[in-house]
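Top line first, the protein sequences correspond to chains A and P. Taking our numbering, the leading residue of the first sequence gets 1, the next gets one more, and so forth. Taking our numbering, the leading residue of the second sequence gets 1, the next gets one more, and so forth.
Calculated from the structure, these hints are not laboratory results. You may find that some hints are simply not true.
[What the hints assert, rightly or not] PhoX-like cross-link-like pairs, simulated, lysine-lysine; straight-line CA separation at most 25 angstroms:
(1) K398(P) with K354(P)
(2) K474(P) with K453(P)
(3) K72(P) with K52(A)
(4) K169(P) with K299(P)
(5) K81(A) with K88(P)
(6) K19(A) with K88(P)
(7) K76(A) with K18(P)
(8) K95(A) with K88(P)
(9) K88(P) with K6(A)
(10) K2(A) with K268(P)
[Said to hold, decoys possible] Non-contacting residues of chain P with respect to chain A, defined by C-beta distances greater than 12 angstroms in every case (computed):
(11) D140
(12) D249
(13) A391
(14) K458
Bear in mind that the values here come from a model prediction, so they are computed numbers and not experimental data. Cβ coordinates follow ideal geometry from the N, Cα and C atoms, glycine included.
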Amino acid sequence: MKEINKDVLVDASNRLLFKMEDSEYETLLSEFDVIQKQFEIMGHIEGVDEAKPMTFPYDIRIDYLRDDVPSTPLAKEDVLKNAGSVKDGQIKLPKVV
Amino acid sequence: MNFEAVIGLEIHVELKTKTKMFSDAPINFNDEPNTDVQLLDMAFPGTMPRVNKEAVRFAIRMCNALHMEIDKEIWFDRKNYFYSDLPKGFQITQQFKPIGKEGYLEIEVDGKLKKIEIERLHMEEDTCKQLHFSDYSLLDYNRAGVPLIEIVSKPLMRSGEEARKYVDKIRELVTFANVSDGKMEEGSLRCDVNISLRPYGSDKFGTKVEIKNLNSIANIEKAIDYEIKRQSELLFLGKSIQQETRRYDEAKKETVLMRVKTDAADYKYFVEPNIFPILLTDEFVQDAIDTCPELYDAKLKRFISQYQLEEVDAKILINNEGFADFFEKTCEFSKNFVAISKFLISDVMGYLNKENLPISSFPVDCKYIAEMVDLLKSNEINSSQGKQVFAKLLVENKSPLLIKEELGFTLINDEDAILNIIRRVLNENPTLIDDFKAGKTRVQGFIMGQVMKETKGKVNPGVANKLILQELNK
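Modelling step: build the complete structure from the supplied sequences, incorporating the hints.
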């Protein structure tokens, strides 16, 4: 299993355009520590690799579909508020290809 | 050794809904960047996807048009990847249970119909639009979340021509079903090609090359034909084909390497836990099918049988956006269906082409076009008078009958008066009757010309023609 350390989290948060404080990284690291330990325990359960994921707690079907009616979208300023850099109303980032 | 091309196509079609696949953000192609965005499209925590009913209806329509089995139980899955074009870090798609499977369409190849089987049709969301510059990229999230259907063919095409016809048929179906604009140049229909070569007779597949970013139907054919030539040359030289992604360079007219593929990407698909499985009712599915506008083949067949149109004319009307509707509305006012079709194709289309206007901007009402055709058909005006009436009709959009009277266009229908002129012409040209009986058919035209000259074009040509034949055959 990949080691989760602060460098990994900083890299991920940068890519996701989240700005995080040091204390938040510490909290997240401790949470990952718990999660990884839980996965380790589960890894020892017999036949776990063959188990199918239980996505939904109940075997139910719904019939809800949303009507195709537009709402007022977010203000452009709000959409771009979290962007580190903006150019011509678009989010600017280092070349990705 | 000769090689056979094995070609499969993946086509993405943007659906013409008002809102996105999973959010109620509006969709407007020409809006400013990042102004058609909702919280879900930006992956804000706590936001939940809600499936667009119209997108599901459109997907059902296309499944039906492609003769597919429709799965009434809708499941979505996550395709996980980390890239800037989707903030969530995954795309919601239908990996495990597509809404449609095992369909087909037919294309005409060498005068015969060839069935191209279609493996699957599934719904998913589009990614954001990325513009790449020399050292940076720009992101516009207006497109992120726009509903898509992906149509995956089986690898049954063998040439660029077959692939072009297949894509053209898909484009025709999505536009006639009114589920998409189907515009490749605007990206509402996008096509990726998978192509490999193998020796004729072999049932094994060669190494597959993918061609992406094809922006026109013509380029699909060109790119495939080039790729067949490129791969054949490599194989003849004993070289192997590399598994890679290429794009078509329009200027160079060749495919160009984009990247070499190594291992298949592992998207770690799993069922989308934020959307419960949706069970569609039989009524919902049937209604989606029943409300589908008439498709091309059905309309062509109906135009030929209902209106007795020639196939070539029916195709012209159907292929030109808005003309088929205009034709049918005009036919509500006159039974001269064939004459109406000819008038629309020649005079109306000629005018619109000259003025560079769509039929939706045509300034004349259908009922007046019908009246115009009736006037011509009943020989109440001749063709040269018809042109003058039509010119005025285009400006004034009023009854052609009224225009005809205003212009003083009345045709001479008096048979005695016409007979007098014909007999005078025959007396002045005594050899005409013998010439006619000797088989010189131009005699008839000569007499008609003289009658027209005498009456300054005001004689009813139908009546005159009948009387000329009557006199010549005496």
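Outcome of the hint check:
1. Taking the CA atoms of K398(P) and K354(P), the gap is near 22 angstroms; set against the 25 angstroms cutoff, the hint holds.
2. Among the hinted pairs, K474(P) with K453(P) is consistent with the structure: their alpha-carbon atoms are about 24 angstroms apart, no more than 25 angstroms.
3. Restraint check for K72(P) and K52(A): satisfied, since their Cα atoms lie roughly 23 angstroms apart, inside the 25 angstroms limit.
4. Note on K169(P) and K299(P): the hinted pairing holds, with a Cα-Cα distance of about 15 angstroms set against a maximum of 25 angstroms.
5. At roughly 17 angstroms between alpha-carbon atoms, K81(A) and K88(P) fall within 25 angstroms of each other, so this suggested pair holds.
6. For the given pair, K19(A) sits about 16 angstroms from K88(P) by alpha-carbon distance, which is consistent with the 25 angstroms threshold.
7. Between K76(A) and K18(P) the CA atoms are separated by roughly 19 angstroms; this keeps the pair inside 25 angstroms, and the hint holds.
8. Distance check on the hinted pair: K95(A) and K88(P) sit about 19 angstroms apart at the alpha-carbon level, within 25 angstroms; holds.
9. At roughly 21 angstroms between alpha-carbon atoms, K88(P) and K6(A) fall within 25 angstroms of each other, so this suggested pair holds.
10. Taking the CA atoms of K2(A) and K268(P), the gap is near 16 angstroms; set against the 25 angstroms cutoff, the hint holds.
11. For D140(P), the non-interface assignment is contradicted: its Cβ lies about 5 angstroms from the closest Cβ of chain A, within the 12 angstroms cut-off.
12. For D249(P), the requirement that its beta carbon stay farther than 12 angstroms from each beta carbon of chain A is met, with the minimum near 16 angstroms.
13. The beta carbon of A391(P) is kept farther than 12 angstroms from every beta carbon of chain A, the shortest such distance being approximately 45 angstroms.
14. Every CB of chain A lies more than 12 angstroms from the CB of K458(P), the least distance being 60 angstroms, so the non-interface label holds.
Checked against the numbered hints above, the structure breaks only hint 11 and satisfies the rest.
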